[in-house]
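One letter stands for each residue in the lines below.
Number of protein chains: 2
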Amino acid sequence: MPRPSRWPEVMAAAAKVFRAKGYHAATLEDVADEVGMLKGSLYNYITSKEELLFAVVRPPAEQLLEQTRALVAAEGTAPGKVVAIARVHAGVLAEHFVYAAVYVHEIAGMGRYPEWAAMDHEYVELVRAVLAAGVAEGSLRDDLDVRTAGHVLIGSLNWLTRWWDPDGPASAEEMADRVSATFLDGSRSRPAR
Amino acid sequence: MPRPSRWPEVMAAAAKVFRAKGYHAATLEDVADEVGMLKGSLYNYITSKEELLFAVVRPPAEQLLEQTRALVAAEGTAPGKVVAIARVHAGVLAEHFVYAAVYVHEIAGMGRYPEWAAMDHEYVELVRAVLAAGVAEGSLRDDLDVRTAGHVLIGSLNWLTRWWDPDGPASAEEMADRVSATFLDGSRSRPAR
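Protein chains in written order, with my numbering: chain V, 1 to 193; chain H, 1 to 193.
A hint or two may mislead.
Straight-line Cα separation of at most 27 Å, BS3-like style, residue types lysine-lysine; simulated pairs [unchecked claim]: (1) H:Lys21 / H:Lys49; (2) H:Lys49 / H:Lys16; (3) H:Lys16 / H:Lys39; (4) V:Lys16 / H:Lys39; (5) V:Lys49 / H:Lys49; (6) V:Lys21 / V:Lys39; (7) H:Lys21 / V:Lys21; (8) V:Lys39 / H:Lys16; (9) H:Lys49 / V:Lys16; (10) V:Lys21 / H:Lys49; (11) V:Lys21 / V:Lys49; (12) V:Lys49 / H:Lys21; (13) H:Lys39 / H:Lys21; (14) V:Lys21 / H:Lys16; (15) V:Lys39 / V:Lys16.
Don't read these hints as lab results, they were simulated from the structure.
Full structure from sequences and hints, please.
Structure below.
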């Protein structure tokens, strides 16, 4: 529906309330109070709390998907693309932390919202295609279980929302590089060659 | 409080309702309906939905912690302990899937329930101690970021609740071994020696 003029305020208030109380505990009344409007007026903007959730998480989810599509389509080998995927993923988390954390918590892999399943699925498939290409080109191990590995990478990145503070000392790029280094080279020490 | 005799039924009903509707959408009335008792009678067993959540997730959480404590204290090198941690973790997920998924979703790393923070923290520290010992003994890379690596391992394992079907063809042990292999040896192919 067309959004009246206070829509950006409504989105910001919703993010603030979702962060403070959690999506499920938050009510549309809390959001209306935060904006300073009557709950009835909020219905000019959205018809349900779920619609507000989707409005809040859609921009970062689309940004992640667009940037990932572009880097997957670009020239390059799989290990370089894994590093790039991790940087895009952590960068989107950092830039939209509250919204992205809500996405990870409520939507990713949950299968609860059919309209989001396609988006979620496309992202998993993009990551998996990079890994499969890496196995085919010989840059990744030929015994790699591509399905599990894709979820290990995505899960490790999404798990950043549970322990990493994007306002702390480690930047998104640093965190991305640490996660992708473990994913690519593992943690076991290697005999000196 | 002392639990009257239908307590196991209440727990099973709560797990079923939490799985079907999600913890937040589920009500104590739903649980009472599932058991076939009045909501008022449910208050002989618990005083809040949150108390029911904790009762439901406590046994698998304690099992994970006890088994992990034991294997960390045992003899052995870090890579072997990483494999063992992954097997214990995936095994507890498989055995108590609904309960464990609720723990991962609502509690792990969320910092929302102070009484659970100590348990959550102890598990993270146990994993980290194994990795730090591995770096010290030389079995793990000397440039390993132990804090990040611990969360990468735990996050990859917890993320199984979002995509792995414990009743499907891949057993918990197989999944654990795939996750720990990626964690230890990475995904990049190695030059033949």
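- Item | Given pair status - V:Lys16, H:Lys49, alpha carbons within 27 Å | holds (25 Å)
- Message: Would the hint linking V:Lys49 and H:Lys21 be met if the CA-CA limit is 27 Å?
- Response: Holds, at about 17 Å.
- Distance restraint between V:Lys39 and V:Lys16, which requires alpha-carbon spacing of 27 Å or less: Within the cut-off at roughly 17 Å; holds.
- Given the hinted pair V:Lys21 and H:Lys16, is their alpha-carbon gap at most 27 Å? holds (25 Å)
- Message: Hinted pair, alpha-carbon criterion (27 Å max): H:Lys21, H:Lys49. Please report holds or violated.
- Response: holds (14 Å)
- Compare the distance between the alpha carbons of H:Lys49 and H:Lys16 with 27 Å, and conclude whether the hinted pair is satisfied. Within the cut-off at roughly 14 Å; holds.
- Query: If you draw a straight line from the CA of V:Lys49 to the CA of H:Lys49, is it 27 Å or shorter?
  - Reply: holds (22 Å)
- Query: Between V:Lys21 and H:Lys49, does the CA-CA distance stay at or below 27 Å?
  - Reply: Since the Cα atoms of V:Lys21 and H:Lys49 sit roughly 17 Å apart, the hinted pair holds (cutoff 27 Å).
- Query: Going straight from one Cα to the other, do V:Lys21 and V:Lys39 come out at no more than 27 Å?
  - Reply: With a Cα-Cα distance of about 18 Å, the restraint between V:Lys21 and V:Lys39 holds, given a limit of 27 Å.
- Does V:Lys39 pair with H:Lys16 here, judged by a C-alpha cut-off of 27 Å? Given pair V:Lys39, H:Lys16 is violated - Cα atoms ~34 Å apart, limit 27 Å.
- Query: For the pair supplied as a hint, V:Lys21 and V:Lys49, is the alpha-carbon distance within the 27 Å limit?
  - Reply: holds (14 Å)
- Is the straight-line distance between the alpha-carbon of H:Lys39 and that of H:Lys21 27 Å or less? holds (18 Å)
When held up to the earlier numbered hints, the structure conflicts with 4, 8 and fits the remainder.
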